[in-house]
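Starting from the given sequences, assemble the full structure and let the hints guide the process.
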Amino acid sequence: MEHEQDEVPEYQPNPKERGGVVPSIEPPKVSREYVQKLYQSLNETQASIFYSVRQWCLQRVWGQNPQPFHYFVSGGAGCGKSHVIKCIYEEATRIFRQLPKLREEHDISMPTVLLTAFTGTAAFNISGQTLHSLLKLPRSLKPPYQGLGNSLDEMRATLSNVEILIIDEVSMVSKRLFAYVNWRFQQIKGNKKPFGGISVLAVGDFYQLRPVGKAKPLCVYEEDEEDFWKEHFKMITLTEIMRQKEDLAFAHLLNRIRVKQKTESFSESDKTLLASAVTESKDCPTDVIYIFATNKEVDCHNSKTVRALHKDFVNIDAEDYLQDSRTGKMKKLGAPTKSKKGELVQTIEAAEGVRVMVTRNIDVEDGIVNGTFGKIANIVTETKAGETRVQKLGLQLDNPKAGQKQRQNQQGASDSLIYIERLEESLSKKGVVRRQFPLKLAFACTSHKVQGMTLQSAVVSLKRVFEPGMAYVALSRTTSLGGLHITDFAENKIYADSEIAAAMQTITTASLSGVMPLLKHVRETDLVEMFKIVHHNTEGLTTHIDDIKCHHELRLADVLCLTETHLSGSIVTDSIALEGYRVFLRNRHLCYMRFPELAKKEGGGVAIYCKSHVHAEVFQHIPNVTDLEFLVVKIEAPVKLMIAAIYRPPVYSIKNFLPNMERLLDYLRVVCPHPIIVCGDFNENHLGNIKKPVLEMFQSKGYMQLITAATTEKNTLLDHIYVCQPNVCFQSGVLQTYYSYHNPIYCIV
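Note that this note's numbering numbers the sequence shown so that position 512 is 512, with each residue one more than the last.
No lab work stands behind these hints, which were simulated from the structure alone. There's no promise every hint is true.
As the list claims (entries may be wrong) - Okay, derived cross-link-like pairs now, BS3-like style, lysine-lysine, Cα gap no bigger than 30 Å in a straight line:
id : residue 1 : residue 2
1  : K142      : K214
2  : K214      : K101
3  : K338      : K440
4  : K234      : K341
5  : K340      : K430
6  : K392      : K440
7  : K296      : K463
8  : K234      : K282
9  : K245      : K340
10 : K101      : K193
11 : K329      : K311
12 : K37       : K493
13 : K214      : K429
14 : K375      : K341
15 : K375      : K338
16 : K375      : K463
17 : K701      : K655
18 : K332      : K392
19 : K311      : K216
20 : K493      : K262
21 : K136      : K192
22 : K296      : K375
23 : K311      : K296
24 : K271      : K311
25 : K271      : K493
26 : K296      : K338
27 : K329      : K384
28 : K245      : K401
29 : K296      : K429
30 : K216      : K440
31 : K234      : K214
32 : K282      : K329
33 : K234      : K136
34 : K245      : K192
35 : K692      : K655
36 : K214      : K463
37 : K493      : K296
38 : K405      : K311
Just so we're clear, the structure is a prediction, and the values are computed from it rather than from any experiment.
Okay, structure coming up:
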């Protein structure tokens, strides 16, 4: 049996990165609308990770110096790990632009968050860089540590602002590589703390493919290896599969396959499901990718397929050169020498339409990397002295995002192709230098090449599977069981690494339950009479209604009070409807009788949403309250309460605001013998030693203000909840969101 694996791709020289220049590390800009859609689709666990990191970033900006976090985000194939990475990168980068040092320098070009991965393919998937390329890691990672030498100042200048390092596909990172990453950042930052004092988000699945060669995964402890994992990293596990969410039976089957031990048998129902995907080789589709365990199987299938589908193919032989001992010049050999695995191939069987895979990291930033798939669409030749030679190959890449930069730079290019030229490589045979296109046929590939990919359909052979996790990686690529075709099925080929299963039990779990306090309370409390009130300054209701619908805590509110709705007119449209709620509105133009300039000013406005089971009566007009943005609801059941939502614009003076506010409170006290709760954005900061006239007025009326933590991105407490009978409220606090300068606040009565 061939226990072979692909060559480590990052150890190959990248022609674009010679000369010591630090590669570009700024991912492409994306629209705010695109980012907003990413955030809206975060599931509960993804959101808890996102908000935990977001809060840490804000604390850094506020100068509170929180301890660096070291999180390991685990989870099976297709559970949205890359999605979490993208969301965290976008939000953290946005927040860090407010760091005092960046504001002082007026320079936000240097990165604060680094996106990295072991392979070029994984790096491109998250718009990042390979660890080797970014940190200028040596080919050999054996001790002792090789410092940066003359590159140190350059690296410090580039990476001095880094706050968070994100590493994707961490299961493929060896302990030696991880140790080097730690030492690099200690050297760059001049700080002996782990990873130079920066935070690290490691993302991956140890049940998938392990490091290349004999190296053990990071989570498996070894006495003779430097270990920067065990003591520092805490685990968060994603369990909801997103890739196969339209085929839940398949998704649940994959979860069981992921952890199945070699000694365990499948249940009868799982056997039946798998059997439905088993297909005879002769009945398998020919126009989908085939996944094998070994390179020998891949090469055999590729050669057979290209000859069956393409009668007129061109053999492109490698051009091998050897230095002439007499003249000292490089002399072309008559025929290519026999090459070893991992080297540029001896011969490429090329024809238009042939499927190929790039075998070198040509441009990671542009997505032309080891593992990029496509097909040959143009063979460009030149003829010299009567001899025709293939000059370059035009590829139509599968991923339309890959190669965009090259296509833009091609002068006069009218097609959508990218063009590959020959690269040079020194062969293991002494003195021989090879020039060949960095491509190989790709009607089939190994399991190692598909990790991280999402496919509609694939044929998976289990015949020569030789290591744990290999079958799981291959079987979990397709979005549905209907798109999966299994050949050479053998139950004993599907198993997880027992070492991994044991090691995963030893990793400390990160506690993120406090990140969503309202959700936590609802989950842990059986009180039927629990009544939840939430206030949020939305900075535009129609703009953010979809964000509210997707928020995991706002929709738990029995009464949801919103300020700065930015609505005009008096008609309740479907565009602001929330399922299961009735909505009451009071827009700004109705709120000011003596201040017409405020009434005409855009923005402002209040809204209150009450759940359908809540018996509520709305008060939109109250005697003598002539100039106040407010809305009041009287709750009769399931509890008896009076709730008022207030918005005080920053331009509305305290002198004019307070008399109206007092008259409202006096009216509520007269008409309501039950507890009164007043919430809103009062634009009075309760953090810091400054005058608080609004607070003083409420206190003089017997109210207590419940919120004690910052409610805005600038570390100010502008959003308040006042209660006239504080004993009725047994929990209150601040929630998190991403779409407003303000965070929501809540109380439970």
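Item to check | Proposed proximity, K338 with K375 (alpha carbon, max 30 Å) | outcome: Judged against 30 Å, a Cα distance of about 26 Å means the pair holds.
Item to check | Distance restraint between K311 and K296, which requires alpha-carbon spacing of 30 Å or less | outcome: holds, 23 Å
Next on the checklist: What's the verdict on K332 and K392, does the C-alpha distance respect the 30 Å limit or exceed it?
Outcome noted: holds, 19 Å
Next on the checklist: Check whether the Cα positions of K493 and K296 lie no farther apart than 30 Å.
Outcome noted: Cα-Cα ~18 Å, so holds.
Checklist entry - Holds or violated: are the alpha carbons of K329 and K384 at most 30 Å from each other? => result Distance ~21 Å between K329 and K384 Cα, so the pair holds.
Next on the checklist: Just to be careful, I want the Cα atoms of K375 and K341 compared with a cutoff of 30 Å; is the pair within it?
Outcome noted: With a Cα-Cα distance of about 22 Å, the restraint between K375 and K341 holds, given a limit of 30 Å.
Checklist entry - Does K311 lie within 30 Å of K329 when you go C-alpha to C-alpha? => result Not satisfied, since the Cα-Cα distance of roughly 39 Å exceeds 30 Å.
Checklist entry - Taken at face value, is the distance from the CA of K262 to the CA of K493 at most 30 Å? => result holds, 8 Å
Next on the checklist: Next pair to validate is K296 with K375; report whether the Cα-Cα distance is within 30 Å.
Outcome noted: Distance of about 21 Å is within 30 Å: holds.
Item to check | Straight-line alpha-carbon gap K234 to K341, limit 30 Å | outcome: violated, 38 Å
Checklist entry - Quick one, are K245 and K401 close enough, alpha carbons at most 30 Å? => result Measuring from Cα to Cα gives roughly 24 Å; hence the hint holds.
Next on the checklist: Next pair to validate is K214 with K101; report whether the Cα-Cα distance is within 30 Å.
Outcome noted: The hint is violated at about 44 Å.
Violated hints, in rising order: 2, 4, 8, 9, 11, 12, 19, 24, 32, 34 and 38; the structure is consistent with all others.
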